Amino acid sequence: MARPIRYYMLMSSLPALPPLFHAKQLPISRLRLEQRLGLLEGTDAAELDRTEKLLSWQRLSLDVPDATLVEQAAVVLPRLQHPAVRAIVQERLELRTAVAALRRRQRGGPEPRQGEPWGHGRWVDHIRRHWRERTFQLEPIFPWLSEAERLVRAGGAAELERLLMDIVWTRLTRAVAGHYFDLLAVTIYVLKWDLLERRLAYDGGAALERFDSLTHEGLGDFDRPFEPSG
Amino acid sequence: MDNLIIALGWAGLYGPMALGAIGSIIGCAIAGQAACGALLETESGHGRYIGLSAMPSSQTIYGIVVMFALQRPVTVASAPGLAAVGLLAGTALLWSAVRQGECVASAINTAKAKPEVLGLSIAPAAIVEGFGVFAFIFALVISAGIPR
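Chain order of the listed sequences is G and F. Position 63 of the first sequence, counted from 1, bears residue number 63 in this note's numbering, the numbering being contiguous throughout. Position 99 of the second sequence, counted from 1, bears residue number 99 in this note's numbering, the numbering being contiguous throughout.
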């Protein structure tokens with residue numbers, strides 16, 4: 001009984017997360033979040049760490065080749081104890097595999113060879129077999145794939161990212177229904193927090209760009225006031 | 001056999017109090033931990049959270065009252081009735097205290113994000129309390145039929 005009770009304190013100590021696309025700032029900093037997550041017991045903290053290592057972009061190095069990531073997923077996923085957490089990770093990796101396939105094809109990359117470690121999940125072989133079809137015949141599984149394919153083809157990277165974030169956020173919100181004070185609730189809170197942080201970071205870049213543009217417009221001809229005229 | 005019946009009679013006599021107390025311990029611990037978590041996150045309303053977390057303690061009081069209502073010489077004639085009423089009432093009180101603790105934890109978690117819904121968020125805990133009160137009242141009523 002002592003272990004589940006711990007979650008009551010942890011979940012109540014975390015602020016509610018705002019809607020993904022309406023948030024202006026993070027409701028809790030990473031440092032403070034880590035402090036609160038210190039309430040987790042060792043095994044649960046390790047489970048959360050494994051989950052984040054697989055899913056959090058912030059913790060994935062861009063230098064790591066796909067094969068290493070696929071191998072890492074194959075090793076770590078079966079070690080996740082909580083079946084619902086495992087299902088969430090599996091689903092997310094499959095989503096990334098489908099999007100990676102779209103991007104690879106759009107780049108003109110070669111069709112994956114049989115046995116090539118390029119993606120994870122149940123649809124890797126299916127995608128390879130239907131490589132030349134617009135949505136790899138996966139629309140019944142991923143209804144958003146048609147829209148994602150259109151955006152990849154049109155080069156709408158920002159819109160695609162927004163679409164994917166929206167899909168993941170909605171899936172996480174559905175998965176946590178009925179779970180308020182358990183490991184799944186904590187894991188989904190952290191995954192949503194990661195997503196929120198990433199979304200706000202993107203907006204920070206956009207804000208900087210906008211600021212530069214406005215500054216340039218505002219200064220006009222006076223952008224070099226100390227330069228001798230004539 | 002008589003000794004077993006007498007032992008069950010004593011268990012039934014002390015059961016409502018003991019089971020009610022166990023329920024209150026668990027319920028108050030659940031709600032109390034949620035209240036402590038909310039203290040970390042909020043700047044005001046701390047007293048309300050701690051006060052709410054004491055809600056599941058009422059089941060112990062009901063258990064004490066039922067125990068006194070059941071009090072009579074424990075004989076082979078009275079023991080089966082004492083065991084049935086006492087243990088069943090105690091189980092109901094235990095369960096209602098635990099579940100009430102969970103409802104209070106959810107209420108605290110909700111009120112922390114939206115303080116204006118605190119009153120409404122306590123409603124589920126109050127409903128659970130109502131079922132505990134039913135078990136308590138009808139244990140008192142039915143105890144009158146147990147032979148003295």
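Calculated from the structure, these hints are not laboratory results. Keep in mind it's a predicted model, so treat the numbers as computed, not measured. The beta carbon of each residue, even a glycine, is placed where N, CA and C say it ideally should be. Wrong hints could be hidden among the right ones.
[Said to hold, decoys possible] So, partial list: chain G residues that the calculated Cβ filter (under 7 Å) puts toward chain F:
no., residue
1, Tyr8
2, Ser12
3, Ser13
4, Ala177
5, Tyr180
[As the list claims (entries may be wrong)] The calculated label-pair distances, taken between Cβ atoms and stated as ranges, are:
no., chain 1, residue 1, chain 2, residue 2, range
6, G, Ala87, F, Pro115, 31 to 37 Å
7, G, Gln137, F, Gly130, 51 to 57 Å
8, G, Glu139, F, Ala113, 35 to 41 Å
9, G, Pro27, F, Gly130, 32 to 38 Å
10, F, Gly130, G, Leu31, 31 to 37 Å
[What the hints assert, rightly or not] If you only want the chain G side, here are some residues facing chain F, beta carbon under 10 Å, derived:
no., residue
11, Arg6
12, Met9
13, Arg36
14, Trp57
15, Phe181
Hint check:
Interface restraint check for Tyr8 (chain G): the shortest CB-CB distance to chain F comes to about 4 Å, inside 7 Å, so the restraint holds. Taking 7 Å as the C-beta contact cut-off toward chain F, the hint placing Ser12 (chain G) at the interface holds, the least distance being around 3 Å. Taken as an interface hint, Ser13 (chain G) checks out: its beta carbon lies about 4 Å from the nearest beta carbon of chain F, inside 7 Å. Checking Ala177 (chain G) against chain F by beta carbon gives a least distance of about 13 Å; that is not within 7 Å, so the hint is violated.
A cut of 7 Å between beta carbons decides the hint on Tyr180 (chain G): the least distance to chain F is about 6 Å, and the hint holds. Distance hint for Ala87 (chain G) and Pro115 (chain F): a CB-CB separation of about 35 Å, consistent with the stated range 31 to 37 Å. The supplied range of 51 to 57 Å is met by Gln137 (chain G) and Gly130 (chain F), whose beta-carbon atoms lie about 55 Å from each other. A hinted range of 35 to 41 Å holds for the C-beta pair Glu139 (chain G) and Ala113 (chain F), which are about 37 Å apart.
Between Pro27 (chain G) and Gly130 (chain F) the beta carbons are some 35 Å apart, a value that agrees with the proposed interval 32 to 38 Å. Checking the proposed 31 to 37 Å range against Gly130 (chain F) and Leu31 (chain G) shows it is violated: the Cβ atoms sit about 44 Å from each other. A cut of 10 Å between beta carbons decides the hint on Arg6 (chain G): the least distance to chain F is about 7 Å, and the hint holds. The interface hint given for Met9 (chain G) is met, as the beta carbon of that residue sits about 4 Å from the closest beta carbon of chain F, less than 10 Å.
The interface hint given for Arg36 (chain G) holds, since its Cβ lies 7 Å from the closest Cβ of chain F, which is under the 10 Å cut-off. Contact between Trp57 (chain G) and chain F, as hinted, is not supported at the beta carbon level, the nearest pair being about 27 Å apart and thus beyond 10 Å. Residue-level restraint check for Phe181 (chain G) holds (minimum Cβ-Cβ distance to chain F is 6 Å; threshold 10 Å).
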